[in-house]
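A.B. asks: Using the sequences and the hints given, assemble the complete structure.
If you want the building blocks of each chain, they are given just below.
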Amino acid sequence: MNSYSHNFAVSVGRQLGSGGRNVALAIARKMDIAFYDKEIITQAAKDSGLAPEYFEKVDEKPSFPIVGGLAGLNIPFYSTGVLNTDYYLGNNNLFQIQSRTVEMLAEKGPGVFVGRCADYILRDHPRLLTVFITADLDDRIERLSKLLSISADEAASQIKECDRKRAEYYNYYTFKKWGDAASYQLCLSTSLFGEEETADLIVSIVRDKLLKD
Amino acid sequence: MNARVPTELGTERIPKLLKQYAVPAIIAMTASSLYNMVDAIFIGHGVGPYAISGLALTFPFMNLAAAFGTLVGVGASTMASMLLGQKNYDIARKVLGNVVVLNFIIGLLFTIVALVFLDPILYFFGASENTISYAREYMQIILAGNVITHVYFGLNSLLRSAGHPKKAMAATIMTVLLNAILDPLFIFTFDMGIRGAAVATILAQVVALVLVVVWFCDKRELIHFERGIFRLERRIVKDSIVIGLAPFLMNFVACFVVIIINMRLKTYGGDLAIGAYGIVNRISFVFIMIVSGLTQGMQPIAGYNYGARQMSRVYEVLKKTLLYATVVLTAGFLIGELCPGLVVAIFTDDPELMEKSIKGMRLVVGMFPLVSLSMVIGNFFQSIGQPKQAIFLSLSRQVVFLIPSLWILPMFFDIAGVWVSFMVSDFLASAVAIILLLNFIKKNRPHEQLQS
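Chains as they are written, first to last, in the numbering used here: chain B, 1 to 213; chain D, 1 to 452.
A couple of the hints might just be wrong.
Listed below are the simulated DMTMM-like cross-link pairs for lysine to aspartate or glutamate, each with C-alpha atoms no more than 25 Å apart in a straight line [said to hold, decoys possible]:
1) K30/B / E195/B
2) K57/B / D239/D
3) K319/D / E8/D
4) K238/D / D163/B
5) K146/B / D59/B
6) K176/B / D90/D
7) K442/D / E316/D
8) K165/B / D239/D
9) K46/B / E12/D
10) K165/B / D153/B
11) K388/D / E60/B
12) K87/D / D180/B
To be clear, the hints were calculated from the coordinates, so they are not data collected in a lab.
Note that the structure is predicted; figures quoted are calculated from it, not measured.
C.D. replies: So this is what it looks like as structure tokens:
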């Protein structure tokens, strides 16, 4: 596939409609390295033996184990000191399984990871570049409505909803802020550079910084 | 949670897995049920039958204290185990510090409010002129030490999620033993009566707290005490409470159920009936807790295999758990029916209290072998991610069927009606459990066919 002196990883966080996925694809193509987006959850299902729909159900969606906390607790007639709230198919456990998959994929060889808190999961990786891709709202709406053939209004409301969900998901697990410049090493707007040039910029940074020495 | 061993859950023999997961939980649950028994045993023999009633009056208080304990504890443990799984030790340490501070604040507030309104609260709980002095003396000391109890339980559950379940269990078992040693010392040797039992309880917790604090001071531990972790963080406080709200509400409901039980007992059977319930509840609780440990062991096995669509293994673990649970509860049933006098005698030698307890015991355990259905099936639904059924079952047994029975039956059968209410709700809840399970089996037929 490729031959780099070091193993490395690039994590790409992205706003919906920013073209972040295409940027990540372009990086993988230009550098001839692995690309992981939905592949992460199919692999997590394979690794764990659990049905993929469990991972799809919680994929980049906010998750509070509220209901999980209430369930199955027989009302204790007095203090037991022992309470079990998490359960095997709960969001936290699924995220934990998915995290191990991300770590294993990163160990296998160089790769680009889209979303799914990969920047956080791989934060101890010795050669990791964390990127966040944005775009102006108008550009995002245009790109999304073209991609899904929907009206601009629909695209706008989908963007709003998706941003909220991704932020809640990311903030819940990482204790950082989604889309906040302080959470990443590099934030780029495709409105300024376009998808290809953004990818070129990132590739050159990877070559200069991650793969130096 | 066991994120790293899923394949074992899908391939290893079910009885072996069940043993591996259930035995530690059973030990922990049994230890905490014994903890609740020891005080009652010494108070019954050392102080007298009305003291047993006084002690039973404080049950709702214990539920309430546990409710506030879980409000912080459950959420914090969930967060800590997630953070540790992600090797995010910095924030896990902050959770530790925040747990101490939050428990301290909540424990203190609870103490102040409860101490100020102690007598009115106890009368509301069903106290009378005969029993209030015992309940008051006991609660004053328990409440004074409430901050210690809160902080200790909070840290102990964190210890469990921090990868030291054995240490956490050791601390629990130590409090049980220490309490058993200190109880006779304070009740008989120092002649402190029911106060002595409370002092022994708190002292045992002080020692356990010191031990747990020493463990958390060890800098080699992944999460340990250090400067800067005690400042409350919005995010941690908010999440703890949001996650802990549901168990809090469950405990809160339990508190009110116990109050209603005590009120009905007092109306139809007098003060000693409350004491009799205290004894019966403590005995039956041991069996319930063993089954509770068993179901905790079942949860990850059933959950994983359901998620992996291995339905034959799901049904196997469900069947095995149901079988073991029924054996345990049938043992409780046989003891309660054949030799209730023997077990009641552990708590009291007062003939009137004994007679009332034996009568109650025989009726309360009447449907015990069936209780395994609602308990196991309820937990089963939780483990496979269908909490609605689980909540419905838990509430049906202990609220929906119990409260109306407690209201109606005593009008016709007097005190026996109160005791029979437990049988009625157990029976009806089992019927609901079977219906829910049959419905589930029917719905999941397609999965099985796919598999074979």
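A.B. asks: If a hint holds in the structure, say so; if it does not, say that too.
C.D. replies: Going down the list of hints, with the structure as the test:
{"no.": "1", "hint": "K30/B / E195/B", "result": "holds, 13 Å"}
{"no.": "2", "hint": "K57/B / D239/D", "result": "holds, 22 Å"}
{"no.": "3", "hint": "K319/D / E8/D", "result": "holds, 19 Å"}
{"no.": "4", "hint": "K238/D / D163/B", "result": "holds, 22 Å"}
{"no.": "5", "hint": "K146/B / D59/B", "result": "holds, 24 Å"}
{"no.": "6", "hint": "K176/B / D90/D", "result": "holds, 13 Å"}
{"no.": "7", "hint": "K442/D / E316/D", "result": "holds, 16 Å"}
{"no.": "8", "hint": "K165/B / D239/D", "result": "holds, 17 Å"}
{"no.": "9", "hint": "K46/B / E12/D", "result": "holds, 18 Å"}
{"no.": "10", "hint": "K165/B / D153/B", "result": "holds, 19 Å"}
{"no.": "11", "hint": "K388/D / E60/B", "result": "holds, 24 Å"}
{"no.": "12", "hint": "K87/D / D180/B", "result": "holds, 22 Å"}
Hint compliance for this structure: every hint is met.
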